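The numbering of the first sequence is the numbering used here, which starts it at 1 and goes up by one.
It is worth saying that the hints were derived from the structure and are not from the lab.
Keep in mind the model is a prediction, meaning the values are calculated, not measured.
C-beta atoms are modelled at their ideal positions from N, C-alpha and C, and glycine is treated no differently.
Careful, some of the hints might be misleading.
Unchecked claim - Below 27 angstroms or equal to it, Euclidean Cα-Cα: the simulated DSSO-like pairs (lysine-lysine) are:
{"id": "1", "residue 1": "59", "residue 2": "217"}
{"id": "2", "residue 1": "259", "residue 2": "217"}
{"id": "3", "residue 1": "408", "residue 2": "217"}
{"id": "4", "residue 1": "35", "residue 2": "59"}
{"id": "5", "residue 1": "54", "residue 2": "64"}
{"id": "6", "residue 1": "245", "residue 2": "267"}
{"id": "7", "residue 1": "91", "residue 2": "59"}
{"id": "8", "residue 1": "123", "residue 2": "35"}
{"id": "9", "residue 1": "377", "residue 2": "416"}
{"id": "10", "residue 1": "35", "residue 2": "442"}
To be verified - With beta-carbon atoms standing in for the labels, derived distance ranges:
{"id": "11", "residue 1": "321", "residue 2": "377", "range": "46 to 56 angstroms"}
{"id": "12", "residue 1": "138", "residue 2": "12", "range": "26 to 36 angstroms"}
{"id": "13", "residue 1": "96", "residue 2": "6", "range": "45 to 55 angstroms"}
{"id": "14", "residue 1": "375", "residue 2": "12", "range": "47 to 57 angstroms"}
{"id": "15", "residue 1": "377", "residue 2": "259", "range": "27 to 37 angstroms"}
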Amino acid sequence: MRIIDLRGYDLLHHGSLLLGRMEMNGIHIDVERGKRELAAMQEEMDECINIIMKHPDVKEWQHKRRKHFNPNSSDQVGDLFFRFLDFEMTKQTETGKPSADADSLLQTHHPIAKLILKLRQLKQAQDDIKDILSQTVGGYVHPSFHLHNVSTFRSSSSNPNMQNIPVRDSEMARVRHIIIPRPGNQLLEFDFKGIEVAVAACYTGDQNLIRYVTDPKTDMHRDVASQIFMIPPDDVPKPLRSMVKGGFTFAQFYGSWWKPCAEYMWKDIHENGYSISGIPLLSHLKQNGIGDFESFAEHVRSVEADFWGNRFCEYARWKERIYAEYVKNGYIDTFTGFRLQGYMRKNAVTNYPIQGSAFHILLWTLIHLQKAFDELKMKSKIIAEIHDSGLIDVFPGELERVVYIIQKLGTEYVRKVWKWIIVPLRIEFEVTEPNRPWSEKKPHR
DNA sequence: TGTTCATGG
DNA sequence: TATCCATGAACA
Numbered sequence: 001m002r003i004i005d006l007r008g009y010d011l012l013h014h015g016s017l018l019l020g021r022m023e024m025n026g027i028h029i030d031v032e033r034g035k036r037e038l039a040a041m042q043e044e045m046d047e048c049i050n051i052i053m054k055h056p057d058v059k060e061w062q063h064k065r066r067k068h069f070n071p072n073s074s075d076q077v078g079d080l081f082f083r084f085l086d087f088e089m090t091k092q093t094e095t096g097k098p099s100a101d102a103d104s105l106l107q108t109h110h111p112i113a114k115l116i117l118k119l120r121q122l123k124q125a126q127d128d129i130k131d132i133l134s135q136t137v138g139g140y141v142h143p144s145f146h147l148h149n150v151s152t153f154r155s156s157s158s159n160p161n162m163q164n165i166p167v168r169d170s171e172m173a174r175v176r177h178i179i180i181p182r183p184g185n186q187l188l189e190f191d192f193k194g195i196e197v198a199v200a201a202c203y204t205g206d207q208n209l210i211r212y213v214t215d216p217k218t219d220m221h222r223d224v225a226s227q228i229f230m231i232p233p234d235d236v237p238k239p240l241r242s243m244v245k246g247g248f249t250f251a252q253f254y255g256s257w258w259k260p261c262a263e264y265m266w267k268d269i270h271e272n273g274y275s276i277s278g279i280p281l282l283s284h285l286k287q288n289g290i291g292d293f294e295s296f297a298e299h300v301r302s303v304e305a306d307f308w309g310n311r312f313c314e315y316a317r318w319k320e321r322i323y324a325e326y327v328k329n330g331y332i333d334t335f336t337g338f339r340l341q342g343y344m345r346k347n348a349v350t351n352y353p354i355q356g357s358a359f360h361i362l363l364w365t366l367i368h369l370q371k372a373f374d375e376l377k378m379k380s381k382i383i384a385e386i387h388d389s390g391l392i393d394v395f396p397g398e399l400e401r402v403v404y405i406i407q408k409l410g411t412e413y414v415r416k417v418w419k420w421i422i423v424p425l426r427i428e429f430e431v432t433e434p435n436r437p438w439s440e441k442k443p444h445r
């Protein structure tokens with residue numbers, strides 16, 4: 001992997017300076033609240049452990065195995081459920097042992113499965129908070145951000161990693177309670193919507209993909225869901241759309257194929273029982289001749305053939321073209337000035353330039369945002385960056401101005417500089433009240 | 001140290 | 001016909 005020209009050099013040079021500046025700024029931490037959360041989590045964990053250890057199945061396991069049960073050991077948990085209690089093993093680890101991940105455990109419907117998972121969540125949240133507190137000095141933590149670790153020329157973060165702090169799970173999102181703005185300030189988060197898909201449209205020039213990311217009246221995930229489940233586009237329920245988004249469309253973009261996609265979706269629709277205008281999805285499928293996994297998989301196979309053969313045929317051709325280029329030359333070049341070389345699998349070749357360049361749009365925006373802050377003598381500070389989003393500690397009275405500048409830079413100016421961005425970009429903003437934690441961010445406008 | 005599981009994009 | 005890229009912790 002190397003830089004091929006001044007565009008790439010410039011990004012790394014100014015990008016490094018920016019990330020260094022961010023690192024020096026640091027993030028304000030509510031240390032007292034952190035300590036309270038740790039204590040509260042410990043109590044909840046003790047409660048879980050108590051119930052787990054009292055369960056007759058665990059006691060019997062300890063007796064027969066002549067060992068103290070450790071609920072943090074996935075080896076032991078897997079052994080308990082899938083060997084000792086003989087639940088059906090639906091998933092193996094790479095080395096052939098029964099998997100003890102969240103999915104596998106939930107499928108047992110055993111009363112302590114949920115407790116073990118809750119314990120895992122609490123433990124990780126507690127570890128995250130401990131990790132942050134241990135590296136906080138004078139109320140501020142200074143995470144590292146790097147540009148030299150990732151094969152795609154994305155960034156990474158460590159000590160502590162600010163790029164994988166939980167946000168979806170309500171228990172774990174408690175970690176965000178301790179991340180607060182400077183006194184009197186607000187936290188502003190902005191993120192590029194669907195930027196990887198937008199960048200994929202730029203690289204591939206696929207007319208249908210370009211239309212989907214350009215025309216807000218269209219909806220790719222809804223249309224694909226409509227095709228897979230044979231229902232009118234307007235009848236696609238939101239949760240089903242979102243399942244298809246991750247389980248089929250993105251999986252396909254990343255290089256998956258019909259069989260694993262079909263397995264994932266088939267399992268999901270059995271667990272989550274969607275209904276289409278009052279009719280259970282499974283009955284609806286049966287009415288359309290799909291009554292078992294084999295017929296569903298066969299159908300998904302045909303949807304996949306249409307996906308790459310018709311819907312996104314230019315994307316498919318680009319994938320072949322770029323891979324052939326890599327095989328011939330031993331490298332591929334990105335729009336942002338980098339040469340990707342060395343051993344890459346086919347799926348990597350078709351994904352790296354997209355992933356890297358999507359991040360570079362954010363990086364460019366942040367570099368110029370910092371420049372604006374300096375030139376206008378503004379007091380807001382950039383404090384973190386998460387691949388397609390930025391986190392700003394906003395000084396009182398500067399909020400609207402900061403939002404305006406980000407909007408201008410990230411959706412207009414970047415397109416004047418990088419003509420390869422041939423589709424519109426969209427940014428959404430979320431903000432907290434003054435002095436309130438990151439967990440309380442609300443949509444802005 | 002390799003494996004597994006967790007989180008984020 | 002391998003779902004892309006990371007970091008961190010615990011266990012064995």
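Cross-check of the supplied hints:
1. Between residue 59 and residue 217, the direct Cα distance comes to roughly 58 angstroms. Violation of the 27 angstroms bound is thereby established for this hinted pair.
2. With a C-alpha separation of about 31 angstroms, the suggested pair residue 259 and residue 217 falls outside the 27 angstroms cut-off, and the hint is violated.
3. Annotation: proposed proximity of residue 408 to residue 217 holds, straight-line Cα distance about 23 angstroms (limit 27 angstroms).
4. Distance restraint check for residue 35 and residue 59: the Cα-Cα separation of roughly 34 angstroms exceeds the 27 angstroms cut-off, and the hinted pair is therefore not satisfied.
5. Proximity of residue 54 to residue 64 is assessed by CA-CA distance (about 16 angstroms); at most 27 angstroms being required, the pair is judged to hold.
6. Note on residue 245 and residue 267: the hinted pairing holds, with a Cα-Cα distance of about 15 angstroms set against a maximum of 27 angstroms.
7. This hinted pair checks out: residue 91 and residue 59 have alpha carbons roughly 25 angstroms apart, not beyond 27 angstroms.
8. The hinted pair formed by residue 123 and residue 35 meets the criterion: a straight-line CA distance of about 15 angstroms does not exceed 27 angstroms.
9. Distance check on the hinted pair: residue 377 and residue 416 sit about 25 angstroms apart at the alpha-carbon level, within 27 angstroms; holds.
10. Our distance criterion of 27 angstroms between C-alpha atoms is met by residue 35 and residue 442, whose separation comes to about 25 angstroms.
11. A beta carbon spacing of about 49 angstroms between residue 321 and residue 377 agrees with the range 46 to 56 angstroms that was offered as a hint.
12. Checking the proposed 26 to 36 angstroms range against residue 138 and residue 12 shows it holds: the Cβ atoms sit about 31 angstroms from each other.
13. Remark: the range hint 45 to 55 angstroms for residue 96 to residue 6 is upheld by a beta-carbon distance near 51 angstroms.
14. Checked against the given bound of 47 to 57 angstroms, the beta carbons of residue 375 and residue 12, roughly 22 angstroms apart, lie outside it.
15. Checked against the hint of 27 to 37 angstroms, the C-beta distance between residue 377 and residue 259 comes to roughly 59 angstroms, which is inconsistent with it.
In this structure, the hints that do not hold are numbers 1, 2, 4, 14, 15, in rising order.
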